[in-house]
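Chains as they are written, first to last, in my numbering: chain S, 1 to 333; chain X, 334 to 666; chain R, 667 to 999; chain P, 1000 to 1332; chain C, 1333 to 1665; chain E, 1666 to 1998.
It should be emphasised that the hints constitute simulated quantities derived from the structure, not laboratory data.
C-beta atoms are modelled at their ideal positions from N, C-alpha and C, and glycine is treated no differently.
Heads up, some of the hints might be wrong.
As the list claims (entries may be wrong) - Quick list of the computed label-pair ranges, beta carbon to beta carbon: (1) Lys415(X) x Arg279(S): 24 to 34 Å; (2) Gln1253(P) x Pro757(R): 39 to 49 Å; (3) Ile987(R) x Arg607(X): 34 to 44 Å.
Protein chains: 6
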Amino acid sequence: MTQKTDHPIRLALSEDRADIYFARTKTVLEKEGLNPVVTMEIFPNGEGIICGVKEVLNLLGTVLPPAAEVWALGEGEPMQAKEIVLRITAPYQSFGLYETAILGILAHESGWATAARECVEAAGGIPVVSFGARHVHPDVSARMEYAAVVGGCVGCATPAGAELAGLDPTGTIPHAMILIFGDTVEATLAFDRHMPPEVNRIALVDTFKDEAEESLRVAAALGERLWGVRLDTPAERGRVTPDLVKEVRARLDQAGYQRVKIVVSGGIDPPRIRLFRERGAPVDAFGIGSAISGAPPIDFTGDIKAIEGKPIAKRGRIPGITPNPRLKRAKLT
Amino acid sequence: MTQKTDHPIRLALSEDRADIYFARTKTVLEKEGLNPVVTMEIFPNGEGIICGVKEVLNLLGTVLPPAAEVWALGEGEPMQAKEIVLRITAPYQSFGLYETAILGILAHESGWATAARECVEAAGGIPVVSFGARHVHPDVSARMEYAAVVGGCVGCATPAGAELAGLDPTGTIPHAMILIFGDTVEATLAFDRHMPPEVNRIALVDTFKDEAEESLRVAAALGERLWGVRLDTPAERGRVTPDLVKEVRARLDQAGYQRVKIVVSGGIDPPRIRLFRERGAPVDAFGIGSAISGAPPIDFTGDIKAIEGKPIAKRGRIPGITPNPRLKRAKLT
Amino acid sequence: MTQKTDHPIRLALSEDRADIYFARTKTVLEKEGLNPVVTMEIFPNGEGIICGVKEVLNLLGTVLPPAAEVWALGEGEPMQAKEIVLRITAPYQSFGLYETAILGILAHESGWATAARECVEAAGGIPVVSFGARHVHPDVSARMEYAAVVGGCVGCATPAGAELAGLDPTGTIPHAMILIFGDTVEATLAFDRHMPPEVNRIALVDTFKDEAEESLRVAAALGERLWGVRLDTPAERGRVTPDLVKEVRARLDQAGYQRVKIVVSGGIDPPRIRLFRERGAPVDAFGIGSAISGAPPIDFTGDIKAIEGKPIAKRGRIPGITPNPRLKRAKLT
Amino acid sequence: MTQKTDHPIRLALSEDRADIYFARTKTVLEKEGLNPVVTMEIFPNGEGIICGVKEVLNLLGTVLPPAAEVWALGEGEPMQAKEIVLRITAPYQSFGLYETAILGILAHESGWATAARECVEAAGGIPVVSFGARHVHPDVSARMEYAAVVGGCVGCATPAGAELAGLDPTGTIPHAMILIFGDTVEATLAFDRHMPPEVNRIALVDTFKDEAEESLRVAAALGERLWGVRLDTPAERGRVTPDLVKEVRARLDQAGYQRVKIVVSGGIDPPRIRLFRERGAPVDAFGIGSAISGAPPIDFTGDIKAIEGKPIAKRGRIPGITPNPRLKRAKLT
Amino acid sequence: MTQKTDHPIRLALSEDRADIYFARTKTVLEKEGLNPVVTMEIFPNGEGIICGVKEVLNLLGTVLPPAAEVWALGEGEPMQAKEIVLRITAPYQSFGLYETAILGILAHESGWATAARECVEAAGGIPVVSFGARHVHPDVSARMEYAAVVGGCVGCATPAGAELAGLDPTGTIPHAMILIFGDTVEATLAFDRHMPPEVNRIALVDTFKDEAEESLRVAAALGERLWGVRLDTPAERGRVTPDLVKEVRARLDQAGYQRVKIVVSGGIDPPRIRLFRERGAPVDAFGIGSAISGAPPIDFTGDIKAIEGKPIAKRGRIPGITPNPRLKRAKLT
Amino acid sequence: MTQKTDHPIRLALSEDRADIYFARTKTVLEKEGLNPVVTMEIFPNGEGIICGVKEVLNLLGTVLPPAAEVWALGEGEPMQAKEIVLRITAPYQSFGLYETAILGILAHESGWATAARECVEAAGGIPVVSFGARHVHPDVSARMEYAAVVGGCVGCATPAGAELAGLDPTGTIPHAMILIFGDTVEATLAFDRHMPPEVNRIALVDTFKDEAEESLRVAAALGERLWGVRLDTPAERGRVTPDLVKEVRARLDQAGYQRVKIVVSGGIDPPRIRLFRERGAPVDAFGIGSAISGAPPIDFTGDIKAIEGKPIAKRGRIPGITPNPRLKRAKLT
């Protein structure tokens, strides 16, 4: 993973990822001999959970001179709209070029973390797992999953994302494997034969037969070794409903499988999570896809508020430093 | 750039970017000695512009055996909801692991290209430039800008994105540089002194003074060398309005600067583009940020529809190949 | 059935079904020696399909003297709001008491016929069957089904209703019977063994297993003798969707059962009928419940407009006969 | 009335009022020699006031064998959506045929009782009378009025309905009688001459003249014998408004007729009842028509939940008995 | 009338009706010796009918020097939002003080004229009369009525307004007079006795009795001399409805009074006018109150666009004269 | 001012400002010899602040005989819809003609006072000044400003209005003067040179330059003599926003001009006032235009409720005096 955590910084440091006008500015300032110490303040346009601070500090640690001063909120803290979350005081040429990268890291990762937090809060204690890597480009899927965990998810699906987040990856069985075996029970038994014991056996029960029927079949076939079932009913069959969860729970219990858990996925978002809870559906875990991974970025803005200690600002902004007692001085390495 | 266009494939090929259950499936199938030739069909859940096909075919070219057959829509073509856009027939083990990457590439890039197309269609012939790299993680900002150009943008802001798209990068002057010079005219004159002649001189005119006043000042200072002005009025000053554009145009014209163009940016999206056009505001180019880069991904789904030539499908899907005469056979290399 | 068509008239003729004030009025008029020839006009407060005319004329034929004159629209004709649909000229005492019954017959039956017509028009040629006897009191269920057929339904479920409408009753197999047999195929085979050949074999396929799976099982078991399947998926499983119909159709066709028809029921109403048609779902017949049987009555009003040939009316109404060339003179027997 | 309360049971027992598939099921089960003891549970799809329980128990008493067990809510009790209101344990053949009738009785009568309750609750203590027999078929008008009284109405208009409900019928004077007399005062005086003293004299005051003027005229003519006036202003004259009631009250009081009551009718429903109360209109009673009699039935569903004591259910329902401590064991006779 | 048309100008010329800052400006400019020739352009913020032009030109004729140039739209012409309706070129001190008065005259009168036009257009040829003097201060009621006639009304109620508009005043009989006589017929007969023959006899028929009844009574009493009836039913009686008009028309016609016209008033506005027409109510004239007299003023703005022939403007406006070929050169006297 | 306060009464007394039917009524009553003592009650159709009472009592004092009795609410008191605000008992001929004027005075002035009160309440203690004379006819602009002060405004702009209200007029500097001087600072300095010291120096800062820049320029130029700045940003520049006020305040404070106040104007209405307060914008005063002067009149109605002491009323109203303990006996002079 060393290789992976290093690489985005290397890329971000590359000037070809910066808006071209920052490179041109650097050229002009160098030729004019201008490199004042400036204070830049960064704030989001909406409220949420900040994420990406560690990656940004990593980047700044690589480029700023020792005398530079950086104050920031902590990774995963809540932030208000317009609240200053990061303040950099340093010679402009040392970091001006990286404004695009800094804002982009915070925008994208905070968007994901904030969406994850909304799901987690809606779930009120029921574990939430991020399953949405398939909706984002593979170059950022690990970042997305890391942000989802910062936002409160207890698991994610890709090894790269799990490693960034310090977890083991989570997964069940894909529809493809069941189709190849031609029967859910056969596929689940094969999975059970070949997977190490520490991997939970979670059967996906909506491929060929009604979910309730299939749940009872796999429970009978795997016995004690079945950890749970996943309901992922497609929209064409009405998606997973609170009543379906209640019925599967009741039928499993009536057959003596109280121990088998129920994981729910497929188009799950905060309103639907609340619906499951209001209707009293006994869900043991939610798998969330695009409600987290498709969340919009939260825009961040960077403003120069002082030059050589003198307050300044463009029209529309108030010159000088905006106090925020929640900021902590960052140690750059 | 060669290095960069290669690299995402390399990463996507890495199994740590795949949902873990695909790796586990591969293990189980290998141990069971199962590797049937399957046909997988991929379709979007919404309509739009498809983007990422080239990158996906590049990936498939690396992993599929020669006998495999792939059919796809062309990069940038329109697609309908549920339309089959990609069909792969190959031994499952050769590509099953890459389903996460394939879907993620298409989802993210098609989301951006579709949003760009909406802006371009709203603009009705007025050029649209993508300025939104700052809202996405730097690891995918170049992919976003490439997709924006596929969707119809005539320019983008980062060198990496521009290279992917086969263009030169586009930019003006950042507020930071004007603040450091302390005067818009001074900053623009310095830019003019040091930039090569092929770079357009576009003054940003909302930093210190009223936009109309500042436009006349820079036009007087740069004379023939001024290509245009950019209006980027902040929300605190009411954003750029159609009336502002009309007035700046009129005042420039009255002073003899008919030749100076007007670029509009700041919170621009399709409804606001339409407003500018309905009100007859003489905009020469739009700079778009989060309306493109913050667009949600378009979900894609991959379904196995045949195994060894025999139609199959999970519940909710129709077994067998779905005809789509728009697909073309792809040549993998 | 003679007995049944007689009986409601007998009841309606009974004064205990009339609003008490009509009986009191009769008493007062008799004691005052008043029995003028009046003209009463009856109109609906909303538009729709008129139904109940035959039953009303039957009633009037029993009570009116030979000199009375009655004009009416024909059973099942369209009517506008406020259009005169029935005009009675007769001595008031001969029919005044039956105003409650006359208005009630028209209100209730026209409400059902109008709702049926809306379903039939939404279905655009696909046959519609009334299955909603279970939502109305058994004393009027046959009247409701008769009205549904007047409104355009091609079938109904109870023998009494079917007899009134001149049809054979229509039905499939109830969930109760399948539950008792414990298997859909077993139940359907038993049905097939014991029913006369003229009864269509229609299997209900959502009781135990997924509808697509069960459809293929019963088709295989009954072969040529299976007329069709009925999809009646409960709300807890997402109700019948257009995609479900398309998939069952496709799977039946792929297995060679093109001949097996698909009947759709369960919460069907005009908006959902239109949805099935817009999405191109190949439905062969709709079974409608409360969208017809639970339809609100259409209020009718009876106004005296002339007394002994002299125009009169209460406040709010225009005295005298309202011309309506669509009315036809009724022959009372 | 003995005759009348018997007759609907007789009809409901007739198999021609059952959905045909129940008769066919009976035939099949007989031929297969199947007659298991089943438990059927019945529940409504919406909340309200249950009505029809007595009639259903009457029916079941006629058909069930002595060993059968029936549990039910009491007539007129509140019920929740999906709450079990009736549970029958008996050999299936003994009652399966009557499912249509049982559900229809409960659906239609509970719909009316629930609508009546809404009116009564809106009226907050002001008496409510059901006047809507004219909107339903005469075969069920008495059932409707019985249900309205179960829902809380203090009176109803037909002798048959009143007898079922154990009341005397309530009525005023119809417009027809006033039109025949040609003057409201003349008609009311004639009514007064010929009606027995226990019948309240309630004058209908909107036929020929303004309501306030007419109220004073009848009060002067009948003196102490006038119980009240009924305002039934037609829509063409703006219906009865709170201001009209207040004015008529004030004018009656100013003339010394404080004792004369005001009954309001004509398109009255819960929102309009609330309006009268919010505006402080001194209404003494409301006459309600289609807001009760045109209420939609409340759908009920019957599910077999156990066969020979073993839990079972169709897909979407939970097998086995659903506990409901509010049910009471019914004594069948 | 000379006195009246003179007087508002006299007042407007008085500096105490001007915003105080215009007087102060005059003082400062005089002390500084500044009195440039300026061009002021005046435009409305919304579209409508311009009114007040004559009064404004009258005022300008009194104060401007002979060399001044004024261009204007004609009284009663349609105007677009932002269209220049008045252009004054003159020494600033000669008219600057009157900006408040000029804008106020145009704003208030154009607001009334525009509202009148909307009523007139809704009425589609049925005459419209302004009856709303009672909603505005008596100092401007004549101006309001003049504007209503400019907007298309065929009559108005006060002699002063009628004189300004060049008409005779229009009126019926007030409720007060009928109350004093104690009977509508008595009051109308007295009116008939004492009014000169050229005054139309229009009876107000909603004071004591139902409108239909009263209409027939006055028609019988006045015979040929009754020109029409006015329906002005109060809100407490449901206001005038299309059905009421139709019924009164029918009853008058049936009694042989086809010649008697029907005037409708009471809360009439464009939506209600359209309702009467859509429902086919035979209205002969509408009396309009606050829908015209309570109309909001249309804001006007005056901008200096040139000083001594040189284009100038404040921020937000385009310097120099805005061409409008619809303007005509005004002859000031 | 004596002349001015007298004149509207003189006009209102003139019969040419009355609806013509009142003059005709007077003629008829005189010829019939009828002049009963009547009681007329006047009430508004909506709630608000009553204004115009003094002017009405002035008028009545001129025309009523000594024995007349008048009860009224006090000027500026709150009133409810339908509450009696004025009760006149006098011979009808002495005041009947002035009903139009009395209702018009109350309607127009109460409309303005009520709108002013809404602004004042929204402002929660921040002073509100009426600047809207330019939206009403100059004949009533003083009345409008008087009413605005009755409603709670602390100032108004015309000398005539201020005199009626007992205040000094309030004003800043018009755009016209700044345009003539060609520079905001030059114009403000000239104003300062020639105005007496008791006039506040308030600079209008949106004419040529950005408001923040211009504020600092005038503060530097006038020093201690500058009382405040007025922000009146046009819609074309986004109007005044809470952020603009905050920024101007911050920049003035940073430069040491804490003492300079900020006046906000331009399209201000209660919702926008609340927005400024919710966002914490440090506004020192609001200038209100059409939100007060363009307010709709509040309709008033006058009803005769007794004649010679005997209760009477037209249909829809309750005869006799309506008690209102808030009324006070008025002393007429």
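So, going through the hints one by one against the coordinates:
Evaluation of the 24 to 34 Å hint for lysine 415(X) and arginine 279(S) yields a pass: the beta carbon distance comes to about 30 Å. Between glutamine 1253(P) and proline 757(R) the CB atoms are about 43 Å apart, so this pair conforms to the stated range of 39 to 49 Å. Look at isoleucine 987(R) against arginine 607(X): about 58 Å separates their beta carbons, and that is not inside 34 to 44 Å.
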